[in-house]
Amino acid sequence: MSAGPAVPILWYLALAAALFAIGTIGALTRRNGISIFLSIELMLNAANLALIAYSRQLDQRTGQILVFFVLAVAAAEAAVGLALFIAVYRQRRTIDINRINLMRH
Amino acid sequence: MQAFDLLWLIPALPLAGAAINGALAYRKAAKALVTAVALGAPLGSLLVAVACIGQYLGGGHWPQAVERISYAWTTGALSIHVAFLLDPLAAVMLFIVTFVGFLIHVYSVGYMGHDEGYARYFAYLNLFMAAMLTLVLGNNYLVMFVGWEGVGLCSYLLIGFYYDQEFPPYAGKKAFVVNRIGDFAFLIGMFALIARFGTLDFVPIFHRLAAQPALGTASYAGGLSFAAFVGLCFFIGAMGKSAQIPLYVWLPDAMAGPTPVSALIHAATMVTAGVYMAVRTNLIYQLTPGVSLFVAVIGTATALLAATIGMAQNDIKKVLAYSTVSQLGYMFLAVGVGAYSAALFHVLTHAFFKALLFLGSGSVIHAMGGEQDMQKMGGLKRHLPITYRTFLAGSLALAGIPVFAGFFSKDEILAAAAASGMPLHWLFWGVGWITAGLTAFYMFRAVYLTFDGKFRGTPEQEHHLHESPPVMTVPLVILAVGAVVAGWIEIPLLRGTDWFHRFLAPLLAGVQGAAPAERELGLGTEVVLILLSVGLAVAGILLARSIYGGDGGAERGLAFEERFPALHRLLANKWYVDELYDAIVVRPLHGLSWVFYRVVDTLVVDGSVRAGAAVTRAGGDLGSLTTTGNVRNYALYFFVGVIVLFWWLVR
Numbered sequence: 001m002s003a004g005p006a007v008p009i010l011w012y013l014a015l016a017a018a019l020f021a022i023g024t025i026g027a028l029t030r031r032n033g034i035s036i037f038l039s040i041e042l043m044l045n046a047a048n049l050a051l052i053a054y055s056r057q058l059d060q061r062t063g064q065i066l067v068f069f070v071l072a073v074a075a076a077e078a079a080v081g082l083a084l085f086i087a088v089y090r091q092r093r094t095i096d097i098n099r100i101n102l103m104r105h
Numbered sequence: 106m107q108a109f110d111l112l113w114l115i116p117a118l119p120l121a122g123a124a125i126n127g128a129l130a131y132r133k134a135a136k137a138l139v140t141a142v143a144l145g146a147p148l149g150s151l152l153v154a155v156a157c158i159g160q161y162l163g164g165g166h167w168p169q170a171v172e173r174i175s176y177a178w179t180t181g182a183l184s185i186h187v188a189f190l191l192d193p194l195a196a197v198m199l200f201i202v203t204f205v206g207f208l209i210h211v212y213s214v215g216y217m218g219h220d221e222g223y224a225r226y227f228a229y230l231n232l233f234m235a236a237m238l239t240l241v242l243g244n245n246y247l248v249m250f251v252g253w254e255g256v257g258l259c260s261y262l263l264i265g266f267y268y269d270q271e272f273p274p275y276a277g278k279k280a281f282v283v284n285r286i287g288d289f290a291f292l293i294g295m296f297a298l299i300a301r302f303g304t305l306d307f308v309p310i311f312h313r314l315a316a317q318p319a320l321g322t323a324s325y326a327g328g329l330s331f332a333a334f335v336g337l338c339f340f341i342g343a344m345g346k347s348a349q350i351p352l353y354v355w356l357p358d359a360m361a362g363p364t365p366v367s368a369l370i371h372a373a374t375m376v377t378a379g380v381y382m383a384v385r386t387n388l389i390y391q392l393t394p395g396v397s398l399f400v401a402v403i404g405t406a407t408a409l410l411a412a413t414i415g416m417a418q419n420d421i422k423k424v425l426a427y428s429t430v431s432q433l434g435y436m437f438l439a440v441g442v443g444a445y446s447a448a449l450f451h452v453l454t455h456a457f458f459k460a461l462l463f464l465g466s467g468s469v470i471h472a473m474g475g476e477q478d479m480q481k482m483g484g485l486k487r488h489l490p491i492t493y494r495t496f497l498a499g500s501l502a503l504a505g506i507p508v509f510a511g512f513f514s515k516d517e518i519l520a521a522a523a524a525s526g527m528p529l530h531w532l533f534w535g536v537g538w539i540t541a542g543l544t545a546f547y548m549f550r551a552v553y554l555t556f557d558g559k560f561r562g563t564p565e566q567e568h569h570l571h572e573s574p575p576v577m578t579v580p581l582v583i584l585a586v587g588a589v590v591a592g593w594i595e596i597p598l599l600r601g602t603d604w605f606h607r608f609l610a611p612l613l614a615g616v617q618g619a620a621p622a623e624r625e626l627g628l629g630t631e632v633v634l635i636l637l638s639v640g641l642a643v644a645g646i647l648l649a650r651s652i653y654g655g656d657g658g659a660e661r662g663l664a665f666e667e668r669f670p671a672l673h674r675l676l677a678n679k680w681y682v683d684e685l686y687d688a689i690v691v692r693p694l695h696g697l698s699w700v701f702y703r704v705v706d707t708l709v710v711d712g713s714v715r716a717g718a719a720v721t722r723a724g725g726d727l728g729s730l731t732t733t734g735n736v737r738n739y740a741l742y743f744f745v746g747v748i749v750l751f752w753w754l755v756r
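These protein sequence lines map, in sequence, to chains A and B. Quick note on numbering: the numbering used here labels position 75 of the first sequence as 75, and the sequence is numbered without any gaps. Numbering-wise, the numbering used here comes out as the position in the second sequence, counting from 1, plus 105.
No lab work stands behind these hints, which were simulated from the structure alone. Idealized CB from N, CA, C, for every residue including glycine. Hints may contain errors.
[Stated by the list, open to error] Derived Cβ-Cβ restraints for the label pairs, each shown as a range: (1) B/PHE744 - A/ARG90: 28 to 34 Å; (2) B/LEU730 - A/ILE65: 40 to 46 Å; (3) A/GLN60 - B/ALA723: 48 to 54 Å; (4) B/GLY712 - A/ARG90: 52 to 58 Å.
The following block holds chain A by itself, in its conformation from the complex (with noise of 0.2 Å):
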């Protein structure tokens, strides 16, 4: 493995909730759809770097595995998501999820 002292793990684990606590403010207070969305992406990484900071702080690799597949996911969703919100921005020339109730009815 490297040389020189580790970064101890607390570290990694307060970056991580952090980087989630943001994500998880911007996707409650943004109003912007595209904004939310990223915010979700930013919470989808933090529990990522949580994920490996646990697998090499085990010696287990099932965490980095996990990753890779919240990576893909999180690939795909991003592209339906986007593509959502231009169908939504076609009809509705906006994104502003305060203007979009569709929900209630």
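Given the coordinates of chain A, work out where chain B should sit on it, guided by the hints.
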């Protein structure tokens, strides 16, 4: 092949007739076809019945009972068969029902000829025959009960036959409800029998009771012995069906039905079902002197009460209805004093002369164009000679004039009451004697008002008066012959001519030592009693003649009744019994129903259902506030949910 193998056909034929005519009632079927079915079915029953009775008498079967199981039905430990039984008692009833029933069917062809509901009428009438024959032929209480309920249903249907008028459906409902009260007690009695004997078949039950009277006299419930309990339950059942105090009130109202129905159901056959059942169950009554005394008291009281009411009625059918109630009272007096064969003898003679009287009144009503008020009749003997003569024969039989049938049976009941040695037996005789006098009086009041004097109706009615067609008068004549000769099978005084009693004797053998040995009155006493009752009957007839006979009879009668205004009002209003029941039973029940309707049903039941709906709806409305349609809110809920879940997992 034995004729008995066809016993099941006797009720089955009218049942088939009812089904066919019921189906024909929906189409405008040819009247000839309806008539053929309507008369063919009871005629077939009559022929099979005569063949069976003939074989029974001639084939050396007497006094054994002949049983034929048509369908074996077993549930668990209990097996009750749809089985028919022919024994002396069933044979007598079978003959009455098929013979009188067939004659009344024939009469109905004439009487109901112009009615819209011709096919419907005969469907009901055939159904009644089927039920009544099931009742008398069943070999156990359950089959009897099926017939019992069947005749109740047909009675309801036929009383309410003119359903487009206001009163008949009401009267039908009243009959049905009052009968249900009795039926309930009958059911309880049957349950008690099943619990004790594990069967409802007559033969094994009575066999075991006769062998072990202790089974019946053992204490059972409410301080009553088993026999007393069952006997009382069955008697309450009979009170409903056979119109005894306090359940007699439906029978006079039952006259709202067509007149032949009154003759067949509410005089000759159905109302005697209670007497038949009591005679069938005589072993149980023999084991319980207390209940027997009660039966005798009720019977006597009913006979007297109904006779007094009959004296003040102006509707010819009402007079006959109350006389029926009164005669049924005599029959129960006979049952109560242990003279079971005398009770059945009176059933037999009464069936002839009362059917005759009702059919005669039907002929009168037919001629009068539907008028039933005797005050508007009078002088009809010139216009309806056959009806008059046959009606007179029936009235003489009912009044108990010697040679006519009613004399023999009524006399036998009175003699049995006097000879019974029960407590109050002279009171029973005395009240029965007075009632006989009242009977003679009110019957001849009816005869004189209807047939004697001048015609008091409208000129159109008078112009329209005509004797009924032969299809109606021939049954009248046949029944009139029966009303004369039916009593000759049991002649008092002459020892050794009590054929009827000996014919039934094996059924009435009873329990050793349980019933008081039948006592014989001395010949001299019996002669005196007969002279007394005949003398009173003749006096009653002469009194009626002096008041109501001749030209000014109706006016004299009204003047006579005016001399006792309070008494007359009391009797004409039937002792206000209907009003009393209305006040103490019907109105409280209506009130209770109203409470149940308004409070229990509307408030509690509907209220709880509505409250449930309202709570659900409010909950839904509340929940729908969270459904903003805004994705961000949903994400927030989700987030809060995760936090709560997380907290809950790690706490």
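Among the hints numbered above, which are violated by the structure, and what are their numbers in rising order?
none
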